[in-house]
Amino acid sequence: MLVHLPILQVIVPLIAAPACLILRRPKLVWLFALFASSLAFIISILLLQQVMTAGTISYELGGWSPPWGIEYRIDKLNAFIALIISGISTVVLLAAQTSIEKEIPKDKQPLFYILYLLSLSGMLGIVTTGDAFNVFVFLEISSLSAYSLIALGKDRRALWASFQYLIMGTIGATFILIGIGLMYQMTGTLNMADLAVRLPEVAETRTITTAYVFFIVGVCLKLALFPLHFWLPNAYAYAPSIVTAFFAATSTKVAAYLLIRFTFSIFGISFSFTTLPIETMFLVMGLLGIFIASTVAIYQDNIKHVFAYSSVAQVGYMIVGFSLSTPAGLTAMLLHMFNHALMKGALFMALVAIMYRVGSSKINDLQGLGRQMPLTVAAIVVGGLSLIGVPLTVGFVSKWYLVVAAIEKGWWWLAGLVLLGSLLAVIYVWRIVETAYFKAPILGQQPVKEAPMAILVPVWLLVSANVYFGIDTRFSVEIAASAAKSLFGVAQ
Amino acid sequence: MTMILGLYNYWVVIVLMMIGFYIIIAHGHLIKKIIGLNIFQTSVFIFYISVGKVEGATAPIWQEGIILYSNPLPHVLILTAIVVGIATTALGLALIIRIKEAYGVIDEDEIQAMDNQAMVNQDKEHQ
Numbered sequence: 001m002l003v004h005l006p007i008l009q010v011i012v013p014l015i016a017a018p019a020c021l022i023l024r025r026p027k028l029v030w031l032f033a034l035f036a037s038s039l040a041f042i043i044s045i046l047l048l049q050q051v052m053t054a055g056t057i058s059y060e061l062g063g064w065s066p067p068w069g070i071e072y073r074i075d076k077l078n079a080f081i082a083l084i085i086s087g088i089s090t091v092v093l094l095a096a097q098t099s100i101e102k103e104i105p106k107d108k109q110p111l112f113y114i115l116y117l118l119s120l121s122g123m124l125g126i127v128t129t130g131d132a133f134n135v136f137v138f139l140e141i142s143s144l145s146a147y148s149l150i151a152l153g154k155d156r157r158a159l160w161a162s163f164q165y166l167i168m169g170t171i172g173a174t175f176i177l178i179g180i181g182l183m184y185q186m187t188g189t190l191n192m193a194d195l196a197v198r199l200p201e202v203a204e205t206r207t208i209t210t211a212y213v214f215f216i217v218g219v220c221l222k223l224a225l226f227p228l229h230f231w232l233p234n235a236y237a238y239a240p241s242i243v244t245a246f247f248a249a250t251s252t253k254v255a256a257y258l259l260i261r262f263t264f265s266i267f268g269i270s271f272s273f274t275t276l277p278i279e280t281m282f283l284v285m286g287l288l289g290i291f292i293a294s295t296v297a298i299y300q301d302n303i304k305h306v307f308a309y310s311s312v313a314q315v316g317y318m319i320v321g322f323s324l325s326t327p328a329g330l331t332a333m334l335l336h337m338f339n340h341a342l343m344k345g346a347l348f349m350a351l352v353a354i355m356y357r358v359g360s361s362k363i364n365d366l367q368g369l370g371r372q373m374p375l376t377v378a379a380i381v382v383g384g385l386s387l388i389g390v391p392l393t394v395g396f397v398s399k400w401y402l403v404v405a406a407i408e409k410g411w412w413w414l415a416g417l418v419l420l421g422s423l424l425a426v427i428y429v430w431r432i433v434e435t436a437y438f439k440a441p442i443l444g445q446q447p448v449k450e451a452p453m454a455i456l457v458p459v460w461l462l463v464s465a466n467v468y469f470g471i472d473t474r475f476s477v478e479i480a481a482s483a484a485k486s487l488f489g490v491a492q
Numbered sequence: 001m002t003m004i005l006g007l008y009n010y011w012v013v014i015v016l017m018m019i020g021f022y023i024i025i026a027h028g029h030l031i032k033k034i035i036g037l038n039i040f041q042t043s044v045f046i047f048y049i050s051v052g053k054v055e056g057a058t059a060p061i062w063q064e065g066i067i068l069y070s071n072p073l074p075h076v077l078i079l080t081a082i083v084v085g086i087a088t089t090a091l092g093l094a095l096i097i098r099i100k101e102a103y104g105v106i107d108e109d110e111i112q113a114m115d116n117q118a119m120v121n122q123d124k125e126h127q
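Line by line, the protein sequences are chains V and U. Counted from 1, the first sequence has number 207 at position 207 by the working numbering; the numbering is strictly sequential. Counted from 1, the second sequence has number 115 at position 115 by the working numbering; the numbering is strictly sequential.
Fair warning: there could be bad hints in the mix.
Straight-line C-alpha distance at most 25 Å; calculated SDA-like pairs for lysine to any residue [unchecked claim]:
id : chain 1 : residue 1 : chain 2 : residue 2
1  : V       : K106      : U       : I96
2  : V       : K154      : U       : A113
3  : V       : K449      : V       : E103
4  : V       : K106      : U       : I106
5  : V       : K102      : U       : E101
6  : V       : K362      : U       : D115
7  : V       : K27       : V       : D75
8  : V       : K409      : V       : V202
9  : V       : K154      : U       : D109
10 : V       : K102      : U       : M119
11 : V       : K106      : U       : K53
12 : V       : K154      : U       : G104
13 : U       : K53       : V       : V202
14 : U       : K53       : V       : T205
15 : V       : K102      : V       : M453
16 : V       : K154      : U       : V120
17 : U       : K53       : V       : L39
18 : V       : K27       : V       : L46
19 : V       : K154      : U       : K53
20 : V       : K154      : V       : K409
21 : U       : K100      : V       : V202
22 : V       : K154      : U       : H29
23 : U       : K53       : V       : M186
24 : V       : K154      : U       : I99
25 : U       : K100      : U       : Q117
26 : V       : K409      : V       : L419
Computed footprint of chain V on chain U, listed as stretches where at least three residues anywhere in the stretch have a Cβ under 8 Å from a Cβ of chain V [stated by the list, open to error]:
id : stretch
27 : 43-53
28 : 81-94
From the structure, some residues in chain U lie toward chain V, with a derived Cβ separation under 8 Å [unchecked claim]:
id : residue
29 : Y8
30 : I23
31 : I24
32 : K33
33 : I35
34 : L37
35 : F40
36 : R98
37 : A102
38 : V105
Everything labelled a hint here was simulated from the structure, so no lab data went into it. Ideal Cβ positions, reconstructed from N, Cα and C, are used throughout, including at glycine.
Model the full assembly from the supplied sequences, consistent with the hints where possible.
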């Protein structure tokens with residue numbers, strides 16, 4: 001059983017998805033989906049344990065040995081990402097049934113869970129597979145279910161956002177397909193480990209450079225890296241709240257993982273960072289993303305838009321860490337992927353609670369909510385502090401490592417810019433906090449009650465994770481650092 | 001000349017790809033966008049399949065006395081990609097039907113204008 005964990009990681013949610021159709025009743029389907037997601041979470045914990053103690057796991061699908069068969073290869077990097085995805089998915093699902101009762105019609109609720117599980121298994125598939133073409137297939141499984149999930153939103157703009165995402169996402173995935181095709185043409189293999197061995201022989205050709213460029217552009221579309229982000233804000237804002245909480249915490253992480261995997265493990269550092277001015281390009285786009293998206297976030301009226309633009313800015317931080325091209329920079333990026341999943345998970349889950357009671361996520365409708373929903377608003381405050389990077393929260397940990405990595409490289413100005421970017425986060429978080437605590441409730445509006453426990457518990461689980469991993473950094477830092485070192489091939 | 005004739009399959013791919021890409025960008029009609037997306041994807045399918053062709057080889061079906069076969073793997077890969085493409089098209093068309101029901105139009109600019117109008121109206125309500 002333990003031997004088959006790498007494939008079970010993907011198969012469990014994949015099989016559970018159609019099985020939901022048999023159960024039919026929304027409550028039952030919810031419990032079943034929660035069970036499947038928890039199972040995936042447990043598997044990812046076991047996998048991470050195995051990888052940390054025994055090293056990389058290679059699993060041959062159907063007993064066909066690589067490079068002919070499809071290989072699932074688990075190392076520290078993808079065990080870590082799989083843990084983030086399945087963990088967030090499980091916590092988000094805890095609140096799902098309560099939340100969608102108000103946002104999705106009853107007859108569509110079982111379908112929601114099917115799509116959710118499919119999207120989960122797609123993301124886990126991208127992360128665990130060791131085969132380049134398999135990546136494309138899982139990417140499309142997760143994307144197609146994501147488009148449908150977004151289209152479930154109540155507002156008609158959800159449909160338009162979903163359609164735009166479908167067009168952009170398909171272009172991105174097709175670009176990735178072209179990149180993989182060109183690589184296959186030059187090497188005759190699709191296995192990632194095998195590609196890494198064979199690519200250096202042909203690395204000098206223009207075909208491989210083209211393959212890399214197509215791949216990077218495709219992934220950056222999925223990553224919503226500035227300026228390829230414009231599908232993201234509306235998709236996040238009009239999707240059902242619970243869907244936003246799930247995607248905001250996980251989907252960009254998967255794209256970031258692909259970027260790291262292909263750049264470091266497949267194309268190799270010496271190729272990736274020498275053939276193209278990738279460091280400068282990513283540094284510029286990352287910084288532009290931080291400053292422009294944060295500034296746009298300040299002027300939004302809808303909190304979901306605020307946090308969506310903030311997500312684009314946070315992707316900027318990750319890419320800045322990437323562009324440093326040092327183990328310390330990559331550690332900062334991996335840490336921020338973990339930490340950003342926790343903070344955006346907490347913030348968007350708090351919005352789930354607000355949508356449940358208030359039915360709107362406009363900043364103006366939050367007036368006086370600090371008294372009516374104290375626990376929910378307090379969660380936004382802690383999540384917001386984490387987003388800014390205040391000490392004792394996870395946000396501080398990742399900013400700290402990013403600043404240290406920049407200084408280590410001698411780029412003092414970059415350290416300054418990163419801190420300056422945090423100031424912009426102070427402004428957009430403050431606007432929300434101010435409205436909720438210091439403005440009187442709108443006259444004549446019915447006061448609302450605190451959110452139900454079913455939503456509060458997962459919200460505070462994520463909030464406490466924000467604080468816990470902000471104080472006790474051993475777990476996240478150790479894994480991120482050792483994954484980064486092994487990607488750079490540094491002896492440990 | 002070899003640049004054009006010898007590599008003609010790539011030229012076909014590039015031309016198709018650009019036609020598809022252009023339609024996606026330039027046309028506001030949503031169904032035309034989906035058609036553009038299809039042409040764009042198909043060009044990549046042709047690219048994969050033409051790459052699998054080995055000169056002087058037959059189809060990859062086992063037969064006595066034949067030693068040179070074309071590479072069947074790209075065909076297999078593209079079968080999967082075609083399925084994905086159909087799923088995308090189906091989902092895109094389904095979304096267009098829903099958009100038509102909700103907005104009454106299926107033109108990018110008109111939908112965008114209606115969304116912007118909705119934003120302006122909401123702002124007025126608040127003031």
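Structure-based check of all given hints:
1. V:K106 with U:I96: 23 Å, holds
2. V:K154 with U:A113: Cα-Cα ~20 Å, so holds.
3. V:K449 with V:E103: 18 Å, holds
4. V:K106 with U:I106: Violated, at roughly 28 Å.
5. V:K102 with U:E101: With Cα atoms ~22 Å apart, K102 of chain V and E101 of chain U stay inside 25 Å; holds.
6. V:K362 with U:D115: Roughly 16 Å between the alpha carbons, so the hint for K362 of chain V and D115 of chain U holds.
7. V:K27 with V:D75: Given that 25 Å is the threshold and the Cα spacing comes to 37 Å, the pair is violated.
8. V:K409 with V:V202: Not OK: K409 of chain V and V202 of chain V at ~31 Å, beyond 25 Å, violated.
9. V:K154 with U:D109: 22 Å, holds
10. V:K102 with U:M119: Holds, at roughly 23 Å.
11. V:K106 with U:K53: Between K106 of chain V and K53 of chain U the Cα gap is close to 52 Å, so the pair fails against 25 Å, i.e. violated.
12. V:K154 with U:G104: Holds, because 17 Å separates the two Cα atoms, which is no more than 25 Å.
13. U:K53 with V:V202: 20 Å, holds
14. U:K53 with V:T205: 21 Å, holds
15. V:K102 with V:M453: Given pair K102 of chain V, M453 of chain V holds - Cα atoms ~16 Å apart, limit 25 Å.
16. V:K154 with U:V120: 20 Å, holds
17. U:K53 with V:L39: 45 Å, violated
18. V:K27 with V:L46: 29 Å, violated
19. V:K154 with U:K53: 49 Å, violated
20. V:K154 with V:K409: 48 Å, violated
21. U:K100 with V:V202: Given pair K100 of chain U, V202 of chain V is violated - Cα atoms ~50 Å apart, limit 25 Å.
22. V:K154 with U:H29: 24 Å, holds
23. U:K53 with V:M186: Given pair K53 of chain U, M186 of chain V holds - Cα atoms ~14 Å apart, limit 25 Å.
24. V:K154 with U:I99: 13 Å, holds
25. U:K100 with U:Q117: Distance of about 18 Å is within 25 Å: holds.
26. V:K409 with V:L419: 17 Å, holds
27. 43-53: holds (count 4)
28. 81-94: With 6 residues close enough to chain V, the hint holds.
29. Y8: It is violated, given that the least Cβ distance between Y8 of chain U and chain V is near 16 Å, above 8 Å.
30. I23: 11 Å, violated
31. I24: 6 Å, holds
32. K33: At 6 Å from the nearest chain V Cβ, K33 of chain U passes the 8 Å test, so the hint holds.
33. I35: Violated - the Cβ of I35 of chain U stays beyond 8 Å from chain V, reaching only about 12 Å at its closest.
34. L37: 6 Å, holds
35. F40: Holds, about 6 Å.
36. R98: Cβ of R98 of chain U sits 5 Å from chain V, so the hint holds.
37. A102: With Cβ-Cβ at 4 Å, under 8 Å, it holds.
38. V105: 11 Å, violated
In summary, the structure is inconsistent with hints 4, 7, 8, 11, 17, 18, 19, 20, 21, 29, 30, 33, 38 from the numbered list given earlier, while agreeing with the others.
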